[in-house]
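Protein chains: 2
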Amino acid sequence: MPFEFDEATSLAALGDGAYATPIHDRWDINGNANGGYLLAIVANAMRAESGRAHPVSVTMHYLSPGPAGDGMTTTKVMKSGKRFVTVSGTLAQGGRDIATALGVFGDIDSSIGPQSVTVDRIDIPPFEECPPRAAPPVPEGAPPMGLGSRLDMRIHPDDTGFARGEPTGEALCRGYFSFRDGRPVDTLSLLLAADAFPPVMFNRFGMFGWVPTVEFTVHVRGVPAPGPIACAFSSRVIQGGMWEEDGEMWDSEGQVVALSRQLALAPKVS
Amino acid sequence: MPFEFDEATSLAALGDGAYATPIHDRWDINGNANGGYLLAIVANAMRAESGRAHPVSVTMHYLSPGPAGDGMTTTKVMKSGKRFVTVSGTLAQGGRDIATALGVFGDIDSSIGPQSVTVDRIDIPPFEECPPRAAPPVPEGAPPMGLGSRLDMRIHPDDTGFARGEPTGEALCRGYFSFRDGRPVDTLSLLLAADAFPPVMFNRFGMFGWVPTVEFTVHVRGVPAPGPIACAFSSRVIQGGMWEEDGEMWDSEGQVVALSRQLALAPKVS
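From first to last, the protein sequence lines are chains A and B. First residue of the first sequence: 0, per numbering that gives the first Met the number 0; consecutive thereafter. First residue of the second sequence: 0, per numbering that gives the first Met the number 0; consecutive thereafter.
Incorrect hints may appear among the rest.
Which copy? The list can't say, so a pair holds if one copy fits it or any two copies do.
[As the list claims (entries may be wrong)] Using 25 Å as the maximum straight-line C-alpha spacing, the simulated SDA-like pairs for lysine to any residue come out as follows:
(1) Lys267 - Pro21
(2) Lys78 - Gly16
(3) Lys75 - Gly93
(4) Lys75 - Pro130
(5) Lys81 - His23
(6) Lys81 - Phe126
(7) Lys78 - Pro211
(8) Lys75 - Pro64
(9) Lys81 - Glu128
(10) Lys81 - Gly16
(11) Lys267 - Asn29
(12) Lys267 - Ser109
(13) Lys81 - Glu165
(14) Lys81 - Asp24
(15) Lys75 - Gly112
(16) Lys75 - Asp15
(17) Lys75 - Ala91
(18) Lys75 - Gln114
(19) Lys75 - Arg95
(20) Lys81 - Thr167
(21) Lys81 - Glu252
(22) Lys75 - Arg25
(23) Lys78 - Leu171
(24) Lys267 - Pro1
(25) Lys78 - Gly253
(26) Lys78 - Asp122
(27) Lys78 - Arg235
(28) Lys267 - Ile111
(29) Lys75 - Ser110
(30) Lys81 - Gly50
These are computed hints drawn from the structure, not numbers from a lab. Please read these numbers as outputs of a predicted model, since none were measured by experiment.
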């Protein structure tokens, strides 16, 4: 049996840089595919076209919600260099563009110097001591947990307030990312990890609806060692009806494996 | 007399989303146009095509060095929404692609809530008390200061070590950005500000050559009030032959006006 994530990001080359990349069911929030999942689908096609091993930096802009169903990603190699290949990719469904991306693909070896890492690994209890991201009591109109059914995510005990309707007041959410079916987290699935946690807005202002991502960038900085990925997400500038969410991801050996940032729309606070 | 930056980012519509966007002289480092300047050129064409006022989030991937000369930016509107217009743009010179970008354009009003800004404005002396970024003693093979001749940049007195060959050891550079000819800093020129400072690598490991940007994203979060822009750049994860540089920019009224991040190649440390 293939792992769920591999099935959900499978592709078939159609020639001329086009790939059939169906959007699978139950990788959604409220019926629309998770933004990190969409990025993983498109980046997988871009990576195939690049002929290189890993996504190094990928940026996606979201154009329309992506319900489960057919999908086609059209890619174009913008530059094929010695070290990196730069590729563009656009996912469409029934002729409508869902999301568009730019990315660079190549080898990643975090042991190459110079080395200077000054960001502290997040202070978080072991995986087993962090509560699972349970399906929260779903208020009327709130999203069902399609994506959550695929993942084994744990939330830092200090950051679970949002799920009880007791937001911590701080735009911070820490936890662990892993797949429920035991699939190892590789560089492609880090793109999903970077958008899978509850929006940190939920802990800052209380839980409310839809906070659509406008732009999402992930830098993959290491190939993860086996085990869950420790993640910290935060936002420092909520203003102008927008907010950024910064992500930091570490593997089980304490190596930084990804940095992410997205810009999203803020809901109106009543 | 028009301001230099306006002249250097001028464009002429050629129809079908194409714009003549020449690359002007003396916005370069070592003969190749500064990455922030290239982003400003391309974003200006993308903005024109969008019909909207401001760049909100723009990402550029760099493909080839861009010497001064002709240039043509080909843009395509990917989505025209009520709030934002998403546009792609690629700058070519003599048939060779120099850089490619994705961006979203629209209105920016930082006073719209919800409001929660937890990043502290940088601790920096007033503009007049910070030394100008002087043309440093240029070691053999080091870049001449084309870009510097256009700008009035000041460096935090504690962060000038790199220029004396006495790096501070910290991947941090703070200072002020303004134009020498008094042009106000608007949302377009924030894209230049975000890439105009000396690479923070110079303060971490000493001054050495070329640290080419692979990917560069700027989020514009406010329309600047008049006056110099206070900036802080830092890097936390230098590994794998790559490093990220994060930028924070404030206007004279203490408002966050932009956040930036780039991924760049690290030189080999001898």
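Within, between, both or neither: how does the pair lysine 81, phenylalanine 126 come out at a Cα-Cα threshold of 25 Å?
neither (40 Å within a copy, 43 Å between copies)
Please work out whether the CA atoms of lysine 78 and aspartate 122 approach to 25 Å or closer within one copy, between two copies, in both situations, or in neither?
Close neither inside one copy (40 Å) nor across copies (41 Å); limit 25 Å.
From the Cα coordinates, with 25 Å as the cut-off, is the pair lysine 75 and glycine 93 best called within, between, both, or neither?
both (20 Å within a copy, 20 Å between copies)
Pop the pair lysine 78 and proline 211 into one bin, within, between, both or neither, using alpha-carbon distances up to 25 Å.
Answer is between: at 15 Å across copies they meet the 25 Å cutoff, but 31 Å inside does not.
Within, between, both or neither: how does the pair lysine 81, threonine 167 come out at a Cα-Cα threshold of 25 Å?
Neither way: lysine 81 and threonine 167 sit 48 Å apart in one copy and 34 Å across, limit 25 Å.
Between copies, within a copy, both or neither: which fits lysine 267 and serine 109 at Cα up to 25 Å?
between (41 Å within a copy, 14 Å between copies)
How would you label the pair lysine 267, proline 21 (within, between, both, or neither) given a Cα cut-off of 25 Å?
neither (33 Å within a copy, 42 Å between copies)
Given identical chains, is lysine 75 near proline 64, meaning Cα to Cα at most 25 Å, within a copy, between copies, both, or neither?
Cα proximity of lysine 75 and proline 64: in one copy and across copies (23 Å, 20 Å).
Since the copies are identical, ignore which copy is meant and state whether lysine 81 and aspartate 24 lie within 25 Å (CA to CA) inside a copy, between copies, both or neither.
For lysine 81 and aspartate 24, neither the intra-copy (38 Å) nor the inter-copy (29 Å) Cα distance is at most 25 Å.
For the identical chains here, do lysine 75 and arginine 25 meet the 25 Å Cα criterion within one copy, between copies, both, or neither?
neither (29 Å within a copy, 32 Å between copies)
Checking lysine 81 and glycine 16: alpha-carbon separation at most 25 Å within a copy, between copies, both or neither?
Intra 20 Å, inter 31 Å, cutoff 25 Å: intra-copy only.
As a check of your reading, is lysine 267 near isoleucine 111 (CA-CA no more than 25 Å) within one copy, between copies, both or neither?
between (45 Å within a copy, 9 Å between copies)
Of the hints listed earlier, those the structure fails to meet are numbers 1, 4, 5, 6, 9, 13, 14, 15, 18, 20, 21, 22, 23, 24, 25, 26, 27 and 29, in rising order.
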